[in-house]
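Novice: Single-letter residue listing:
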Amino acid sequence: MKIRVGIMSFAHLHADSYAHCLKSNPRAELVGIADHDTARAQAKAQQFEVQAFDSYESLLASDVHAVIICSENVHHARLAQMAAAAGKHILCEKPLMTTLEDGKAMLAAAQGAGVHLFTAFPCRFSPAFQQMKRMVESGAIGELLALRGTNRGSNPGGWFNDPELAGGGAMIDHTVHVADLIRRLTGQEITEVYAETGNNMFHGAFDDTAMLTMTLQNGVFATLDSSWSRPKTFPTWGDVTLAAVGTRGIIEMDMFAQHLIHYDDRAGRIKQVFWGDNIDYLMVDEFLRVVAGEARQTLATGEDGYRAAAVAIAGYESVRRGEPVSITHTEAAL
Amino acid sequence: MTRVGIIGLGTMGRQHMDAYRQMPDVEVAAVYDHHLDRAQGFAQEYGVRVAGTLSDLFHLCDVVDICTPTYRHAEYALPAIEAGKAVVCEKPLARTLEECERIVNAVKQHKTLFMPAHVLRFFPEYRTAHQLVKSGAVGTVAAVRMRRGGDFPRTKSDWYADFTKSGGVILDLIIHDFDWMLWTLGAVERVYAKALTFRQLEHLDYTLVTLKFKNGAVGHIEGTWCDPGGFKVNFEVCGDSGMIEYDSTRQVALQIATRADGGVGGGVQIPESPAVQNPYYLELRHFIDCVQTGQTPEITVEDGYNAVRLALAAIESAQTGKVVSL
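Chain order of the listed sequences is A and B.
Read in order, the letters of the first sequence are residues 1 to 334 in our numbering.
Read in order, the letters of the second sequence are residues 1 to 326 in our numbering.
With the rest of the complex left out, here is chain B (with noise of 0.2 Å):
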């Protein structure tokens, strides 16, 4: 039975708790939040210990699972690393990159198993277009675009509004599509990005990033937090021999419409795409097998920091108007 312990009791937290819920040979040993009301709610909920320290969190379990906001990542991190836990840590790594570096060198350090949970990879939309473009269905990639976004992410706490908590939609949305691009592209030489995050605009964020490969291909990517028609995401990786293209509202298995009110009021609908697993689960039942067979994680210590990286660099091209080499 691999132990885990939940830091971050939040909406990842719950996403992450219910997928090791379906894994008989996993047990949430114990949650943690700074918050210890929602800590109790949430151990009552899922019938779940509450660990009132962190040190009593390291002594219940074998694996940390740290779901808080970004800007607190570091703060767990570190001392579950040196603590010798194997840590599954929320996407982006951290809030800057002194404090990715930090964890990368305590990681090794430590030789402690690591896995920063960028879960597009298990997608399977992404996955199956990563295998494909890897593969040369497109012959050599010229230009890659991916789109993410809706309407602004609200929380109790508003902690995305807090450009020093969440580094915005660059770096706490697109960090998705970048950890895609280099995962399936490999590295980037250079990046200009605008943004209103710098525009003091209340509950929006939007960024159109454009980034050159070192294999010569140009990317571009549209992150939205001003949508309020709802969460969307597609892209297209197009290639000298080919192109692949992918858009959450067209390719849809479910379309839900459904009437409120008996039949009188205004309906709802609500686009869905079932599978038999999650990406969560899938995503964190490969972390477990790594933990259970010492199996090195697909998504390393180093992707985290490259990906922080490059938001970063986009960041700053945000902010100074200038073009960022990598």
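So here's chain A without its partners, still in its complex pose (with noise of 0.2 Å):
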């Protein structure tokens, strides 16, 4: 049986990925697409050649097994909230929510409704990130001391720059993948964030540059650079690395190194070309497995998104107290 799978908004652009990743996977059949942009939906629709739906409304009430959430950040709670009503389960766009109660509200709605809440987190689906984390499993470095990770990015611009939709700037779009890197690879929560933001790129009311520093529970320290400080002329979007110290030694890990050079002369410009595994598409095939049946092994829950995204909350909270601020996990537990 193959699973339905509806989209629910295509503001965030990582949709068109998912959206491919369900049209070529033999798994899943995606059945349409509804969007508070009705236009976009029928855009979108025409070129998946898939229904649009006329609302969300109308989407849930359909037959499909499950729905996937790329609206602006702040409508994932209302979505998921309605997707989870109507016992659809649900893969959620990062970061999953902008504010802790609508964070709570999202995994109670749910767990409420006996429904599947996943993150769309795809970075824990890199075969280099895995290895890396079985290296540091098999302790080929040692006792780890310390993390360094950046995921630096190019303005996404449109609504990622309106904090009122997107719930901060760089730092809440780029903070969860490597908060989650570092949960997964490390086993420990994130107690305590630091930050410092600027907004130095773009000189607008919103957070273009950002640099966190995390303390985890076994005292382990890291810092991220989430910025979105790569110029128009950039190779590419961005990156993600992270670097694990030990006391025997180092794992320096960049993500997207798995690439071309391209040097495009009808473009102007020169670009990288990525030739490693398509992370999306191993990401939404495990969520159809899940949907299907199947236990989970890599996949985000919605608490590991809640406890990323929760990490990003509290570093706009340090930003405002200029110190840093402790996570309560007993208060963030459900």
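Derived from the structure by calculation, the hints contain no laboratory data.
Check the hints yourself; a few may be wrong.
[What the hints assert, rightly or not] Examples of chain B residues toward chain A, derived with CB under 7 Å: (1) T140; (2) L196; (3) V218; (4) H220; (5) P228; (6) C238; (7) M243; (8) D247.
[Stated by the list, open to error] Lysine-lysine pairs mimicking DSS-like chemistry, simulated, CA-CA at most 27 Å apart: (9) B:K134 x B:K214; (10) A:K23 x A:K2; (11) B:K214 x A:K232; (12) A:K232 x B:K134; (13) A:K133 x B:K232; (14) B:K134 x B:K232; (15) B:K322 x B:K214; (16) B:K156 x B:K232; (17) A:K271 x A:K232.
[Claimed, not checked] A few chain A residues that don't get close to chain B, going by computed Cβ distances all over 10 Å: (18) D16; (19) H36; (20) A85; (21) L100; (22) A105; (23) P127; (24) A205; (25) D264.
For every residue, glycine included, the Cβ atom is placed at its ideal position computed from N, Cα and C.
Join the two chains into one complex using the hints; note that each chain is given alone, in its own frame.
Specialist: What follows is the structure in structure tokens.
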């Protein structure tokens, strides 16, 4: 039986990738698309040759088993609660939420309705990251002491630059992937966050530069550069890197280093052409398997999404207070 | 002929000696080391005279070059300044801020020429990057990241491992990057740092430092004495109209790989970036030119003070877990 999936909103550019992953996966049937921007729903439905629903309600009233939510960040909570109430399994784009209250409501709604809520953290599926994790776990670098991460990008523009819709700027956009990798790698929670932000890149009313320092339960510390600091002429969208420093050595991962360099005269620029595995496909594939009844292995849960987003939220709190901020996990647990 | 006296004849003393030997208008008139046997070996090797005491050394030279470990800088710099000598002193300026203040005051009082040897400013990759940023090549700077380090530095006395002497990776190593950032981006508002320095891990030190500059830019420095993969540096400066980046593992002019044991044993690989003059020569040549012309060195004693002040603020942050304002 094919898993029937609908996509709720194409506001986030990752929706295109997920739609391609569903179209090319023999387990899946992309049934249709709903969007509060009905023109966008029409255009995307035409592009992917699927049905355009005139409302989220009508998509949820259909026989889809599951939905992928790719709305503006602040709408995740409302759409996820609607989907849960309709009994649909959910894969939600990151960051899961922009406030702790929203995140708790989402988790409670999914739990109450008995549906799966997953967070779209494809970086967990990277073979380079998985090998790094195996090596750290095997003791290859001795005791883990510190981590240094980056998720630098170019400014996606549009609603990402409107904190009312995005819940922040670069920090809310680019903290959660690496925060999740750190939790996944170490099995530790992030207990303290300090952040510095700036807006010298775009001079807008949002943070375009962000540097977080995190402390884990076991005292390991980490920094993460989540800035939109890649210039327009940068050969790709950005990067995901993570370096682990141990008593016996280091491991440095550059997740998207598997690329060719294309000097493109016609485009007037230099481009990176990625040839590594498609981690979006791997993530969507596991989502389909779990919806079909298989056990979850790598896919990030709703709680994983909550805990990663809580780091970015604590980062903004730290900026407001000008000091490190504790994350209390007794309070965060649900 | 400018007569130089070198104090401290370890690795840096040798580096500086090699640079002076290329200057026909400079004579290394005497050398001094509190290990007399080391001084004698050095003197024999280079054909220079050993000064038995500091006053002998001051008597024989116009310029004093201090290449001792950090914790002895003030001990030699202060009498040299008081003796009216032009002084070039290895980085960091001194181990404590109080010592730095005394050096700054002595330079002011005796109106002597003084240059802290922040040699990074004479590394062509860093100098070019500074000039590019200053010329507006990346526009307004938003983010700057620098990385420096390799394995733990080992010396016979192992003074790097003694925090009270070296200040660890934050004071000894990334002082270079602190100075470059202050030189290039201006004053720092506050600093926050994490480090392994106080974990009592034998021959391991590591730090991640976040800085907020007065102009709104955010900085990050990674300093490592935890990387067995060899010494590496990199940096990037991102601004509102562009970005520059450098990676010493990628921008390499010569990669040399040779097999040991006549072609059967394991090999060694050495990256090199040859230049007509090395940065130590350029740095000391600039200082000697200042001595000869009376011109002010482009690195001032205050620059040396500010770099130490920032490094010590980072150490305080790492030690207390608090943000330190400057």
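Novice: Where does the structure disagree with the numbered hints, that is, which hint numbers, in rising order?
Specialist: Hint check: 8 fails alone, others pass.
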